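All chains should be modelled from the sequences, with the hints used to inform the complete structure.
Here is how the chains run, residue by residue.
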Amino acid sequence: MALFSIFPRRKTFDHGIYPVEHKELTADKPIRRLPFAPELVIPLEQHKGKPAIPTVRVGQEVVRGEPIAEADGHVSVPMHAPATGVISDIALAPTAAGPKALAIYLKVYQAASQRVLFGLERDLATLSREALVAAVQQAGLVGLGGAAFPSHVKLMPPAGRTIETVLVNGCECEPYLTCDHRIMLEQTESLVRGIELVLRATGAERAIIGVEDNKLDAVEHLRRQLPAHLPITAEAVRTKYPQGAERMLITSLTGREVPIGGLPADVGVAVYNVGTLAQMGELLPKGQGLIERVVTVSGPGVERPGNFMVPVGTPVRFLLEQVGLKDSYGEVILGGPMMGMAVASLDVAVTKAVSGVVVLEREDLDLAERKVYPCIKCGACVEACPISLNPSVLGELAQVREYAAMAEHYHLDQCFECGCCAYVCPSNIPLTQYFRIAKAINREDK
Amino acid sequence: MHIAPPASAGPFVHGGASIARDMRLVMLALLPATLFGLWQFGWPALLLFAITLATVVVTEALCLWLAGRPLRPFLGDGSALLTGWLLALSLPPWAPWWIGVIGGVIAILIAKQVFGGIGQNPFNPAMVARVALLIAFPVEMTSFVAPVPLGSDAAPGLGEALAIVQGGAPLDAYSGATTLGVVRTALDQGETLSGILGTSFAPFSAALGLHGGSLGETSALLLLLGGLGLIFTRVIGWQIPAAMLGTLALLATVMHIHDPTHYPDATYHLLGGATMLGAFFIATDPTTSPVTARGRLIFGAGCGLLIYVIRTWAGYPEGVAFAVLLMNACTPVIDHYVRPRIHGRDRRGRALVGAEHPETRR
Chain A
1 MALFSIFPRR KTFDHGIYPV EHKELTADKP IRRLPFAPEL VIPLEQHKGK
51 PAIPTVRVGQ EVVRGEPIAE ADGHVSVPMH APATGVISDI ALAPTAAGPK
101 ALAIYLKVYQ AASQRVLFGL ERDLATLSRE ALVAAVQQAG LVGLGGAAFP
151 SHVKLMPPAG RTIETVLVNG CECEPYLTCD HRIMLEQTES LVRGIELVLR
201 ATGAERAIIG VEDNKLDAVE HLRRQLPAHL PITAEAVRTK YPQGAERMLI
251 TSLTGREVPI GGLPADVGVA VYNVGTLAQM GELLPKGQGL IERVVTVSGP
301 GVERPGNFMV PVGTPVRFLL EQVGLKDSYG EVILGGPMMG MAVASLDVAV
351 TKAVSGVVVL EREDLDLAER KVYPCIKCGA CVEACPISLN PSVLGELAQV
401 REYAAMAEHY HLDQCFECGC CAYVCPSNIP LTQYFRIAKA INREDK
Chain B
1 MHIAPPASAG PFVHGGASIA RDMRLVMLAL LPATLFGLWQ FGWPALLLFA
51 ITLATVVVTE ALCLWLAGRP LRPFLGDGSA LLTGWLLALS LPPWAPWWIG
101 VIGGVIAILI AKQVFGGIGQ NPFNPAMVAR VALLIAFPVE MTSFVAPVPL
151 GSDAAPGLGE ALAIVQGGAP LDAYSGATTL GVVRTALDQG ETLSGILGTS
201 FAPFSAALGL HGGSLGETSA LLLLLGGLGL IFTRVIGWQI PAAMLGTLAL
251 LATVMHIHDP THYPDATYHL LGGATMLGAF FIATDPTTSP VTARGRLIFG
301 AGCGLLIYVI RTWAGYPEGV AFAVLLMNAC TPVIDHYVRP RIHGRDRRGR
351 ALVGAEHPET RR
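Chains as they are written, first to last, in the UniProt record's numbering: chain A, 1 to 446; chain B, 1 to 362.
Incorrect hints may have been included.
To be verified - Facing chain A, according to a computed beta carbon distance under 10 Å, are these residues of chain B, among others:
| id | residue |
| --- | --- |
| 1 | Ala9 |
| 2 | Phe12 |
| 3 | Gly117 |
| 4 | Ile118 |
| 5 | Gly119 |
| 6 | Ala136 |
| 7 | Pro138 |
| 8 | Pro260 |
| 9 | Thr261 |
| 10 | His262 |
| 11 | Thr287 |
| 12 | Thr288 |
| 13 | Gly295 |
| 14 | Ala329 |
No lab work stands behind these hints: they were computed from the structure.
Quick caveat: nothing in here was measured; it's all calculated off a predicted structure.
We put the beta carbon where it would ideally sit given N, CA and C, even for glycine.
In structure tokens:
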């Protein structure tokens, strides 16, 4: 037994990879505020579901925190003004995904206050479950881990399903990112309040905060801070990518697998990111909306990496000017280097889904951009795929454009593009890109 | 600030694995056994080794040139060199030069490039060449010498070695067959095992490799060491060697208990012939073995079974090459039927119902 305690076997899932973490660049950097950018660009579609509908006119003055767009139906959320200023335009703006999309341009008044001027304090204890769910939607809350799925939708499981366990995702398995780590250390009170609200809204029996064991300080801190009267525990899970993927974390912590085509609710679970719940705990009592988020700005291409509270709509260019962009930079990535997207233009704005801005230098990209060799069927990708697909065969099929067969016989639709296969491939085949293209073509053919 | 980075999506980082790196590590792992073999069999072995390697590199270059593919990246990946290296290790150490040349050409041209080059060959190129040579030139491929280490009195000098490699070795130099060959012949002549093995098999010296045999197959210990190194560095999985050696040992033990006078025990099979080289370096070739862990267990077990069957009941004293090639042929079938259970599905590919983890690991 003594031997086992020296090498603790943490809970985890099968397969996966161990990329270099690079978290030391920002792990001990407290969350800081930055000045407002002169102009914010707030896309109306920052979340999964329908885009928000603007409720402001061009030329209208808004104060920080005021609603500027309303939700379009159930699977949608409103937007709030991240700063005091005047609406200068409602027009197309570049997005990280590529195509331009409608956005609200907000000219920020000089010397505008960081104080939130719009909100309606309320007593949450008296709210019914339905009112709580509505309040979450009004706050414009979405999954801040990167998925940006409207948070209130997950509070209402489909008929016949109940949520027994709320899993709080503090894994942060992407290299470089440390915003969730800092949130767990610095916004513990809000986080606990957020978990409490979700427990009430879902009627769940317990909540488990899952944290990768490269952040044991956060686990210990949470354990000290968690109130004894709440059924909330903090648990360390193995540091392995993609531990923070919803389906992987569910398996690690509960031993259950979400059935194909099913929802986490099918196994009695709802998963929330720590950042989402910290914001929920912060915003709901004040009756405010989500107007800023914690973003890790890091990577070798950044001079002063750190964790920053960034107003939604801040252009990436402005953010990078604040931290210093080295001339030798190669790619600017929104999110982490495994699943993130390189921006085509620095005019892209930070949205609710952006957990990190990682700047890699040219030489960092060389390894991933070496010559591509033919597949040697070594099976490294098969050993890496967290959902046990066969990327080797899928890749061969993609090369001969058998996209339909990939979906029909090899479960392409289950791939969530975590990038493990491409990361381990000795032939350097861009498998994840292949699968992304194949899925897009299959969607079009339908 | 000039800004126009191209749009793309992750992963932007890579683990650093490459074909060239894996090939280099395999060659590094082969180095101890190779140096031992070269020392043991002297100049003729060294010349044969060099000729074989030169042949595969030249053949690979010619094929790439004919196919219009870039030379540098494909020669640089080291795969052809490794094929030649493995082939050379499996040849009789004093075989004439043209054995190395013909073997090298068969391995690269017929067994690899004809199928489309690296990653496309269904059969292990080195073993295709070995088997082709064995069938075409049975005398040259079964003429083994007793070890005459470099520096010893009996060791041929460079001039003598040149004559040997040109095919002019005195016949009496070939002291006969390998342990496997001796035993097989004697058993066929009705002798009992204890009588034969008492004179020609000592497990300890067999493990060290102090006996006649193919150029690089004699030292089971050094091959095992290199193989374990490859498993440790994760260049190869443990499944194929474990299943192959385990199956072979199990069969040998069972048969030995059943009839000790005719069936040698497990040490004889594990330490003799190409068993170690095959288990760690030949059967583990990624291209020609299954991609899943379970598939590899089946593949390895199949190799072990076939080796035993061929050595014991078929026409050849040694069966590693045949066994591996036969299992190579089964690889596509294994990969078709043995697939990993997909997350959220049962083994038959249906969505999980009840959602409890079907394999209770924890």
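Handout entry: In rising order, the numbers of the hints this structure does not comply with
Key = 6, 7, 8, 9, 10, 14
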